[in-house]
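Visitor: Chain residues, written in single-letter form:
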Amino acid sequence: GAVVSQHPSWVICKSGTSVKIECRSLDFQATTMFWYRQFPKQSLMLMATSNEGSKATYEQGVEKDKFLINHASLTLSTLTVTSAHPEDSSFYICSASPATGRTEAFFGQGTRLTVV
Amino acid sequence: AQKVTQAQTEISVVEKEDVTLDCVYETRDTTYYLFWYKQPPSGELVFLIRRNSFDEQNEISGRYSWNFQKSTSSFNFTITASQVVDSAVYFCALRTYGQNFVFGPGTRLSVLP
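As they're listed, the protein sequences go chains L and C.
If you're matching positions, the first sequence starts at 144 in this note's numbering and goes up one per residue.
If you're matching positions, the second sequence starts at 11 in this note's numbering and goes up one per residue.
Only chain L is shown next, with the shape it has when bound in the complex:
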């Protein structure tokens, strides 16, 4: 099956610093990628939808200036958490949909972010 690689799988950073998370579709082109956030013992909540070559669409309540999303190519989307704070500590998961199969979506392994 299709593979989505997310990196890093975990990261610890200091408050005030920025962290970049990469999401790559390894064997297919992804026109659309989704970024989710999951707090402990909660479900996945969509943060934003990114389409290759255009600005991301953010869900209500998600600060676009804090969570910068770039989808510069059909195989790579990045999420940058800027000026991270302890409340940003969470599990971030990306998913990617192939250009030719919009009903399918494949998930990355997730990134556990801890801000200290």
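FYI, nobody ran anything at the bench for these hints, they're computed from the structure.
The beta-carbon is built from N, C-alpha and C at its ideal position, and this holds for glycine as well.
Calculated cross-link-like contacts (lysine-lysine; reagent style DSSO-like; alpha-carbon spacing at most 27 Å):
hint	chain 1	residue 1	chain 2	residue 2
1	L	K209	L	K157
2	L	K184	C	K13
3	C	K80	C	K48
4	L	K198	L	K163
5	C	K48	C	K26
6	L	K163	L	K207
7	L	K157	L	K184
8	L	K184	L	K207
9	L	K163	L	K209
10	C	K13	L	K207
11	L	K184	C	K26
12	C	K48	L	K184
Facing chain L, according to a computed beta carbon distance under 10 Å, are these residues of chain C, among others:
hint	residue
13	V14
14	Q16
15	F45
16	Y47
17	S52
18	F57
19	V99
20	R105
21	Q109
22	F113
Since the structure of chain L is already known, use the hints to place chain C on it.
Guide: Chain C in isolation, oriented as in the chain L frame:
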């Protein structure tokens, strides 16, 4: 609006018992897709099944089976002869064409030896 409800927050069973995880969904779309994912403690989402709205045939895969009832908007998941390795959080999700996933709140299954 689309919504997925998993009424069972946590379930505990003893190994070899059968267990059914409930999922009820809401959507106004006539074409949609239902999914089940398993999330072990490591965090990654493990795809289990996808079912489209036009295919109400139930499916069995080893110890797993799924019951799709459009009349009640339910897509329940049964594990037969549960094993300790089945312990995880299970998410039911809904997706319409080209749109993002809407996840249920998840059901935490603990299978005790």
